[in-house]
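Protein sequence lines, in the order shown, are assigned to chains A and B.
Under our numbering, the first sequence has 38 at position 38, and the numbering climbs by one with no breaks.
Under our numbering, the second sequence has 1030 at position 30, and the numbering climbs by one with no breaks.
Among these hints, one or two may not hold up.
[Stated by the list, open to error] Simulated pairs of lysine-lysine, DSS-like, Cα-Cα distance not exceeding 25 Å:
id: 1; chain 1: B; residue 1: Lys1520; chain 2: A; residue 2: Lys102
id: 2; chain 1: B; residue 1: Lys1102; chain 2: B; residue 2: Lys1135
id: 3; chain 1: A; residue 1: Lys520; chain 2: A; residue 2: Lys463
id: 4; chain 1: B; residue 1: Lys1385; chain 2: B; residue 2: Lys1433
id: 5; chain 1: B; residue 1: Lys1377; chain 2: A; residue 2: Lys463
id: 6; chain 1: A; residue 1: Lys428; chain 2: A; residue 2: Lys136
id: 7; chain 1: A; residue 1: Lys520; chain 2: A; residue 2: Lys596
id: 8; chain 1: A; residue 1: Lys372; chain 2: A; residue 2: Lys385
id: 9; chain 1: B; residue 1: Lys1411; chain 2: B; residue 2: Lys1433
id: 10; chain 1: B; residue 1: Lys1608; chain 2: A; residue 2: Lys596
id: 11; chain 1: B; residue 1: Lys1341; chain 2: B; residue 2: Lys1358
id: 12; chain 1: B; residue 1: Lys1608; chain 2: B; residue 2: Lys1596
id: 13; chain 1: A; residue 1: Lys520; chain 2: B; residue 2: Lys1102
id: 14; chain 1: A; residue 1: Lys292; chain 2: A; residue 2: Lys411
id: 15; chain 1: A; residue 1: Lys351; chain 2: A; residue 2: Lys319
id: 16; chain 1: A; residue 1: Lys604; chain 2: B; residue 2: Lys1372
id: 17; chain 1: B; residue 1: Lys1608; chain 2: A; residue 2: Lys604
id: 18; chain 1: A; residue 1: Lys596; chain 2: B; residue 2: Lys1411
id: 19; chain 1: B; residue 1: Lys1351; chain 2: B; residue 2: Lys1341
id: 20; chain 1: B; residue 1: Lys1257; chain 2: A; residue 2: Lys608
id: 21; chain 1: A; residue 1: Lys292; chain 2: A; residue 2: Lys372
id: 22; chain 1: B; residue 1: Lys1351; chain 2: A; residue 2: Lys102
id: 23; chain 1: A; residue 1: Lys411; chain 2: A; residue 2: Lys520
id: 24; chain 1: B; residue 1: Lys1604; chain 2: A; residue 2: Lys604
id: 25; chain 1: B; residue 1: Lys1428; chain 2: B; residue 2: Lys1463
id: 26; chain 1: A; residue 1: Lys257; chain 2: A; residue 2: Lys433
id: 27; chain 1: B; residue 1: Lys1372; chain 2: A; residue 2: Lys608
id: 28; chain 1: A; residue 1: Lys136; chain 2: A; residue 2: Lys260
id: 29; chain 1: A; residue 1: Lys81; chain 2: A; residue 2: Lys102
id: 30; chain 1: A; residue 1: Lys608; chain 2: B; residue 2: Lys1596
id: 31; chain 1: B; residue 1: Lys1341; chain 2: B; residue 2: Lys1377
id: 32; chain 1: A; residue 1: Lys428; chain 2: A; residue 2: Lys377
id: 33; chain 1: B; residue 1: Lys1433; chain 2: B; residue 2: Lys1485
id: 34; chain 1: B; residue 1: Lys1102; chain 2: B; residue 2: Lys1081
id: 35; chain 1: A; residue 1: Lys351; chain 2: A; residue 2: Lys341
id: 36; chain 1: B; residue 1: Lys1123; chain 2: B; residue 2: Lys1292
[As the list claims (entries may be wrong)] Some chain B residues flagged as far from chain A (calculated, every beta-carbon gap over 10 Å):
id: 37; residue: Ile1015
id: 38; residue: Gly1023
id: 39; residue: Leu1190
id: 40; residue: Lys1257
Everything labelled a hint here was simulated from the structure, so no lab data went into it.
Note that the Cβ used here is the ideal one computed from N, Cα and C, for glycine as well.
Chain by chain, the residues:
There are 2 protein chains.
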Amino acid sequence: MFRTHTCGELRSADIHKEITLAGWVQTVRKFGSITFVDLRDRYGITQLLFSETLNEQLEANPLGREFVLQATGTVSERSNKNPNIPTGDIELTILSFTILNKSAVPPFAIQDDTDGGDELRMKYRYLDLRRNVVKKNLELRYAVGRSTRNYLHENGFMDIETPFLIKSTPEGARDFVVPSRMNAGQFYALPQSPQTFKQLLMVSGYDRYYQIVKCFRDEDLRADRQPEFTQIDCEMCFVEQEDILNMFEGLVKRIFKDVKNIDYSATVERMTWENAMWTYGNDKPDIRFDIKLANLKFPAHTYPAQQDVSSLISGVDFKVFDEAETVIALAAPGCSEYTRKQTDELTEWVKRPQVGMKGLVFIKCNTDGSFKSSVDKFYNEEKLKAIAAATQAKAGDLILIVAGAEERTRKAASDLRMYMGTTLGLRKADEYKLLWVLDFPLFEYAEEDNRWVARHHPFTSPKPADMDTMINNNPVIDNAAAYLKHPYANIKANAYDMVLNGNEIGGGSIRIFQRELQQKMFAALGMDEAEQQHKFGFLLGAFEYGAPPHGGIAFGFDRLCSILGGSESIRDFIAFPKNNSGRDVMIDAPSTIDDKQFEELQIKLDLKA
Amino acid sequence: MFRTHTCGELRSADIHKEITLAGWVQTVRKFGSITFVDLRDRYGITQLLFSETLNEQLEANPLGREFVLQATGTVSERSNKNPNIPTGDIELTILSFTILNKSAVPPFAIQDDTDGGDELRMKYRYLDLRRNVVKKNLELRYAVGRSTRNYLHENGFMDIETPFLIKSTPEGARDFVVPSRMNAGQFYALPQSPQTFKQLLMVSGYDRYYQIVKCFRDEDLRADRQPEFTQIDCEMCFVEQEDILNMFEGLVKRIFKDVKNIDYSATVERMTWENAMWTYGNDKPDIRFDIKLANLKFPAHTYPAQQDVSSLISGVDFKVFDEAETVIALAAPGCSEYTRKQTDELTEWVKRPQVGMKGLVFIKCNTDGSFKSSVDKFYNEEKLKAIAAATQAKAGDLILIVAGAEERTRKAASDLRMYMGTTLGLRKADEYKLLWVLDFPLFEYAEEDNRWVARHHPFTSPKPADMDTMINNNPVIDNAAAYLKHPYANIKANAYDMVLNGNEIGGGSIRIFQRELQQKMFAALGMDEAEQQHKFGFLLGAFEYGAPPHGGIAFGFDRLCSILGGSESIRDFIAFPKNNSGRDVMIDAPSTIDDKQFEELQIKLDLKA
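Given only the sequences and the hints, what does the whole structure look like? Please build it.
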């Protein structure tokens, strides 16, 4: 061993001991005839004191930043204590030292506020990983993983490894494929998730399975997506939705406790997908703050159970609202005194292409009880008051209204809500609010193919009440324009997403376990018998031999860690991430391969001109 | 929840309780008007009693093997107790039941001694996994993994995930490659191990890293090799060989305790590679039994430090020995009275092509002190006695002698030793003996390229004493025939293998951490500067910025589990293994991919005629 202690553990009680440390030179400071060195390792920093007697040796072996140093000395009390670090009471008076390895000058400073840009830090990721902020992220990731394993172990789950070299069955995302040399002309695929394998494990009777496992999707990478990512993947059998919700609320609460020392004792809220869309404009609402949408106008088919209040805004010949499919308002608390400049900025914000609204209507709910709007020539005080009542605005609030086509307008209202939440400081970094979103639509309509696609995935079961609708109707859509009238359009999935502070951190479903129902699902997705057999014959086969009722969930491990770590970027929580082009710029991958490799795999390039 | 209890937990104390079970029908037995069903789940088997009142319902819904059944009833004392199962004191008198799913008749019996052949069981692996023997294996695997994680956690190791989509740098085994769509014409490779990444983590200061991780090698599959396999992968910095040996002896001892309840308190033996080859004929000796090789004749360069005793067998004009490069004897204890038939069988055994000897010489050390050999016309009693003394044979032993070319003869002697160990019952299934093998050669000679290859891998450091030899000599081999005289031929690696009962379960080394030494190694392997930079530029770069001394080890997780489970086959310990052609016959992978996938990846097939 090159050391007797680490750089984080020496305290006053160790004074007078002779010890040896090894680590990296953080700083070198010379004061007259003595030299101070901050020595760093994974555990902390310890100050080393080189007295005059070592000057000759230091001159012959000058120390530089990031040099690897082994130093033996006596623990001494520091005259100038540093209360900011745990070892701040002591220093090591050096008796002898050895430079174990030198270092070139690093391309950026190894400290929390580094001067290195993103690209440079990725190229020298091995140096970036030395920074304390990055280390804390990986430590948090490890703690989340450990907490997860402990909780699941205590609840009878077994970690069972599923294969990485599987079969390409693209449905939704693209597969990464792996040419097989031993079976020339054929390919493996890397798993997008262990979905079918974990279901087979349920068929095999391993009633509580989990895995923290890499998954792969060959998609164009939006910011903060990675071609390889990690899932906490779980499945149970002989359970219903309620059992899964309870089990995995428990998991997340346990992680909060173990990792953040937070007692999350509150009941986890639940909300249907329709309610989430209606009230928050998206299916992963941030419920840390109370701004809700007021739906002044909307297409009846979209929220069939909701009350139509469009008379509030109609009849005054305001074309913007009259011609809009959807009109949504929200009340920004305490903003009634926004200046013209501030409201103009908000208007500009919603007109940006990412939001895509044509404009923004304002109603100021003045503290004196009066109203003032940007549409005063259409709406009198009484009407404004009625609209304000519908939005549940209070005196002092500023009502913001967007109008346009349903989907875009709802998203804009949701974005605006989040923006106001951020602007007004309502999204508190140290507050965590969990939410289950339930009862998603089972199917979505795919216009290009005039068929259904599975919103979650093709193994998700309908809600028990919708089972007969699914079985007893032909999934083929006769009249494309009227697809909304097809009974399948209203089937709800027995699926659930867990949302944390506006981020989907996990999602799952009760699965189909009946062969006929699974075939009905495949048929709805446009797969004929031959394709079903080719892609999923093993699963259909397994369902013939006593498949139990089962369901599960998967958490995005990278995302969960980044939220718990208070970061927007999952990349900060992955030791060796890839950039937006799917490249590892440190090792320079992907890269070319040898002719011999092409020859052995019996493939060649077919590059487009 | 579909059940209140599992099929393994009910005891006499539960009698009179009303409970619900769910599981699979193992057997159905009808006795007169009542029906007994054994219901099985992951936790055990419970007997269900269906009384006459349920007969009508049973006739309408007949139960079959592997049906999924939910049954509610009252726990009752069994008249006919079964002491062989934990639930044997009770049975469940059924009040109501529901068939949750039916099952076709399984293609083989779901029991320990199944009638299913290997291929059939692999195709229906989801049924094979239901068998108790297979379940026990996966449970053992989970327990080994859990024990490993706990031990390493308690010792300050961090689980850090390394990437799966990396760069192809074939050196030794073939890489599996993954075409990149976003970087057309380029490929990722799947890792053969996280070797360079874990070394970078050491450079980054994460001084104790581990991962239980999938690795990939595209090799022709010998029996019991898998294209994807799992490693317990570990690395430490600021350590020397001794530290690693101690830490990982501790790991394996902890696994013995946690998984097998064995207190392995004995010191783990250590042996140099040369000694292992000399004494046991191979580098992973099974030291559970004491038969050792006696080297009567051998090439001087192979074991330079060993005493030449060839005069014992020379000078009598026995051509078989005189013309052989190597003559090796071993004494089989208590076999002096082997019959002619038995010795003939041994001769046939060594003449099989897998062993490849021309014959076997016998010396019987009779219990009366006399000797009788198959070469009496060459060796008189006195000479036989001297040979027997050299082999440390005792009265009653049978000395077996093989002769021929060094490598083949040594392997044959080793095989013969293992065969006799097995035959004589000396390899006890319930005995475990660990062994460290140390000081491997750093280089092997690759005749086809007339250059060195790294015996372990190119990142292994030479022993400290051989450092100067490595640095100060030109690795180029001038005279191919005299490669043994090159100073590199005698350099020892700072490497270690852990051997358990004759199987290598883990191996590792202290790594090179100096850029110049690493470049010297690459050069020795025939890589010029450009190739070094292309393949390992990132590592050489990292070594410029303060790389600490470090080393590590990797255990073959599948193998370790199979040995602890008492099986020869790692496949029995993998949930979804592949066959010898690298195929998953259950999902039928690898398989063809779509034209669209080829087009997007910009590759095409180039099949040999």
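Hint by hint, here is what the structure shows:
1. B/Lys1520 <-> A/Lys102: holds (18 Å)
2. B/Lys1102 <-> B/Lys1135: It holds: about 22 Å lies between the C-alpha atoms, which stays within 25 Å.
3. A/Lys520 <-> A/Lys463: holds (15 Å)
4. B/Lys1385 <-> B/Lys1433: Measuring from Cα to Cα gives roughly 33 Å; hence the hint is violated.
5. B/Lys1377 <-> A/Lys463: violated (90 Å)
6. A/Lys428 <-> A/Lys136: holds (21 Å)
7. A/Lys520 <-> A/Lys596: violated (46 Å)
8. A/Lys372 <-> A/Lys385: holds (10 Å)
9. B/Lys1411 <-> B/Lys1433: With a Cα-Cα distance of about 21 Å, the restraint between B/Lys1411 and B/Lys1433 holds, given a limit of 25 Å.
10. B/Lys1608 <-> A/Lys596: Status holds; Cα separation ~14 Å.
11. B/Lys1341 <-> B/Lys1358: Measuring from Cα to Cα gives roughly 18 Å; hence the hint holds.
12. B/Lys1608 <-> B/Lys1596: With Cα atoms ~22 Å apart, B/Lys1608 and B/Lys1596 stay inside 25 Å; holds.
13. A/Lys520 <-> B/Lys1102: Given that 25 Å is the threshold and the Cα spacing comes to 18 Å, the pair holds.
14. A/Lys292 <-> A/Lys411: holds (13 Å)
15. A/Lys351 <-> A/Lys319: Holds - the C-alpha atoms of A/Lys319 and A/Lys351 are around 18 Å apart, at most 25 Å.
16. A/Lys604 <-> B/Lys1372: violated (67 Å)
17. B/Lys1608 <-> A/Lys604: It holds: about 12 Å lies between the C-alpha atoms, which stays within 25 Å.
18. A/Lys596 <-> B/Lys1411: Violated - the C-alpha atoms of B/Lys1411 and A/Lys596 are around 33 Å apart, more than 25 Å.
19. B/Lys1351 <-> B/Lys1341: holds (15 Å)
20. B/Lys1257 <-> A/Lys608: violated (60 Å)
21. A/Lys292 <-> A/Lys372: Holds, because 21 Å separates the two Cα atoms, which is no more than 25 Å.
22. B/Lys1351 <-> A/Lys102: Given that 25 Å is the threshold and the Cα spacing comes to 58 Å, the pair is violated.
23. A/Lys411 <-> A/Lys520: Not satisfied, since the Cα-Cα distance of roughly 33 Å exceeds 25 Å.
24. B/Lys1604 <-> A/Lys604: holds (5 Å)
25. B/Lys1428 <-> B/Lys1463: violated (35 Å)
26. A/Lys257 <-> A/Lys433: At roughly 14 Å apart (the allowed maximum being 25 Å), A/Lys433 and A/Lys257 satisfy the hint.
27. B/Lys1372 <-> A/Lys608: Violated, because 80 Å separates the two Cα atoms, which is more than 25 Å.
28. A/Lys136 <-> A/Lys260: holds (13 Å)
29. A/Lys81 <-> A/Lys102: Outside the cut-off at roughly 29 Å; violated.
30. A/Lys608 <-> B/Lys1596: holds (14 Å)
31. B/Lys1341 <-> B/Lys1377: Holds, at about 21 Å.
32. A/Lys428 <-> A/Lys377: violated (39 Å)
33. B/Lys1433 <-> B/Lys1485: violated (37 Å)
34. B/Lys1102 <-> B/Lys1081: With a Cα-Cα distance of about 29 Å, the restraint between B/Lys1102 and B/Lys1081 is violated, given a limit of 25 Å.
35. A/Lys351 <-> A/Lys341: At roughly 15 Å apart (the allowed maximum being 25 Å), A/Lys341 and A/Lys351 satisfy the hint.
36. B/Lys1123 <-> B/Lys1292: violated (44 Å)
37. Ile1015: Consistent with the label, B/Ile1015 stays out of reach of chain A, its closest Cβ about 24 Å off (over 10 Å).
38. Gly1023: violated (8 Å)
39. Leu1190: violated (7 Å)
40. Lys1257: holds (18 Å)
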